[in-house]
Amino acid sequence: MDASKETWGSRTGLILAMAGNAVGLGNFLRFPVQAVQNGGGAFIIPYLICFLLMGIPLLFTEWSIGRFGGKLGNHSTPYILDSMSKKSIWKYIGVFGIFTNIAVVAYYTYIESWTFIYVLHTVFGTFNGMGKEEVSLFFDNYVNLTGSDLGIRYLPAIVYLLVLGVNVYILSTGLGGIEKVAKIGMPLLILFGCVLAYQGWTMGADFASREFPDANAWDGINFLWTPQYSSLADPKVWLAAAGQIFFTLSVGMGSIQCYASYVKENEDIALNSVTAGFTNEFVEVLLGSAIVIPIAAGFLGLDWVIENAGFGMAFQTMPYLFQQWGVVFGAVAGVCWFGLLFFAGITSSLAMGTPWMGFMQDEFGWGKVKGAVSFGLIALIMGLPTVLFYRYGYFDEYDYWGGTVSLVIFALLETILFAWVFGIDKGWQELNRGADIRIPNIYKWIMKYVTPTLLLLVLIGAMFTPAGNDWAAAVSGLLDGQGYALESSSLISKLSHADLKAQLLVNPEKADLIEKKMRYSSLARTQLILLFLGITLIVWYSHKKRKTALS
Amino acid sequence: MNTSALILSIATQGLILVVTAYCFYLVLKKPEADK
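Heads up: the sequence lines are chains A and B, in that order.
Note that this note's numbering gives residue 310 to position 310 of the first sequence, counting from 1, and the numbers run on in steps of one.
Note that this note's numbering gives residue 1 to position 1 of the second sequence, counting from 1, and the numbers run on in steps of one.
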């Protein structure tokens, strides 16, 4: 089917695909951890304010940009952005909208492959009888390629290939296939989430053990929801809330614009975008807050949770905890947990394939199969090193530069394009054409001034994170002439591997591993730069081709 | 569960649930693109 004529089969399918794009692993893993680390219940207040001031306006912006581009036959950001301004630079800024998706899908499908293999391990009872440390070690061995592989060398790479292949197959069926996966995956994800959230809300202190006699799920729930109002004055909390809203909605990637480019010219985008955004919030706040933290607190106690809260809990702790519910319900809970993570992952990774496919179809007439297979091959070339060199930080490097920094930069630039270059009046008209709801006029002002300012603050916050994340002390120190000490995890410090150098000072006995990490992270950055340049070259060539066709 | 946590939890989750449900109600009322 010609890309310019292809469209979504149903409105609910579109909303579920968009919500599926937004709902990802971060909803269940990142959100509760951020809440725990940023004042518990108080975090939700800046979080909701940022959702209204940054999340919703960004959704409006990206849906509008996408539908506008689709009307002109463009289905990926290089030419969508190009059609909004006379300056040719925008088509090269649009490269971010393809680059980010490939960079992220490369390692994201690897996480998907973990969830897939963990569903199988749960069904076959691999974790039965294992202790907490054993379960944690099982994961370490798997990702470090040092075991947990059923005797099959490079099993993680094989499972990764399999999951990537599933993604490619679904992508090759076009929007229809993506819609089908969203219509099946999203309800299942919510069902699995509800089963686990019910457990989180009702387990109380029933599973306190001799090792953890004070364990109580209610402590986790209380901690998550008790407001500590003093933290509202802390800029760190606001930056964390803005960052969480930003990443949870999958904005700044180019995939929303691509999906929206297949929406019909006069079809609503205002209500659709709000519905997709709130569906994501439903999954994140109602389900995400009721699973990991309460369940872990119910078995291990709140102190353990506060000390160990992090991404690793999903694979290193949860399988052990589920066992404590007995063989049958433990297996059910495990399948629910890894199943929901798998669906959260695949509905997002499918969205990442469409910008490349849309671009190649628009510019070079590539069909769905050719587009999907080529996408899979590039993702494989980019992703295989993340599998093979996970322990040397290849994965983390992609996640930071491809999945974090470039998103914020692209979102900031596209909001400037939409509100200032294209013009907020034209943009507002585009957003409201065919709208099924009346958007309050204040949003016109928010989209022009507030959202770009917030994005700029998030970017500056990431670039110049002060030592200890203590903004008040850093600013007063600067004013007193004592200089400004950067946190080793700040963007500026990361550029020079300051984070790894700091590790080297603390752990000189690990010098060999840390030096290897520096080398591999430089290699990962080179690969990302080459990918960006490669896509830029293809965009340049397609532009030349367009000009030749016109003359 | 302490009172302030209970109030914040019910208010936030209730608000999100109601808005999400209302949005879907509006969408399903006018599913013109549905085949």
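Where hints are given, some of them may not hold.
As the list claims (entries may be wrong) - Covered by chain B, per the in silico footprint, the following chain A stretches (three or more residues, Cβ under 8 Å):
| hint | region |
| --- | --- |
| 1 | 10-17 |
| 2 | 40-52 |
| 3 | 335-342 |
| 4 | 407-416 |
To be verified - Calculated pairs, BS3-like style, for lysine-lysine (alpha carbon to alpha carbon, straight line, at most 27 Å):
| hint | chain 1 | residue 1 | chain 2 | residue 2 |
| --- | --- | --- | --- | --- |
| 5 | A | Lys368 | A | Lys5 |
| 6 | A | Lys544 | A | Lys86 |
| 7 | A | Lys71 | B | Lys29 |
| 8 | A | Lys5 | B | Lys30 |
| 9 | A | Lys86 | A | Lys71 |
| 10 | A | Lys132 | A | Lys5 |
| 11 | A | Lys426 | A | Lys444 |
| 12 | B | Lys29 | A | Lys264 |
| 13 | B | Lys29 | A | Lys180 |
| 14 | A | Lys183 | B | Lys29 |
| 15 | A | Lys180 | B | Lys30 |
| 16 | B | Lys30 | A | Lys547 |
| 17 | A | Lys547 | A | Lys86 |
| 18 | A | Lys180 | A | Lys71 |
| 19 | A | Lys86 | A | Lys368 |
| 20 | A | Lys444 | B | Lys30 |
| 21 | A | Lys180 | A | Lys426 |
| 22 | A | Lys264 | B | Lys30 |
| 23 | A | Lys183 | B | Lys30 |
| 24 | A | Lys544 | A | Lys370 |
Derived from the structure by calculation, the hints contain no laboratory data.
By construction, the Cβ of each residue, glycine as well, lies at the ideal position given by its N, Cα and C atoms.
Violated hints, by number in ascending order, as checked against the structure: Result: hints 3, 4, 10, 16, 19 and 21 break, sorted rising.
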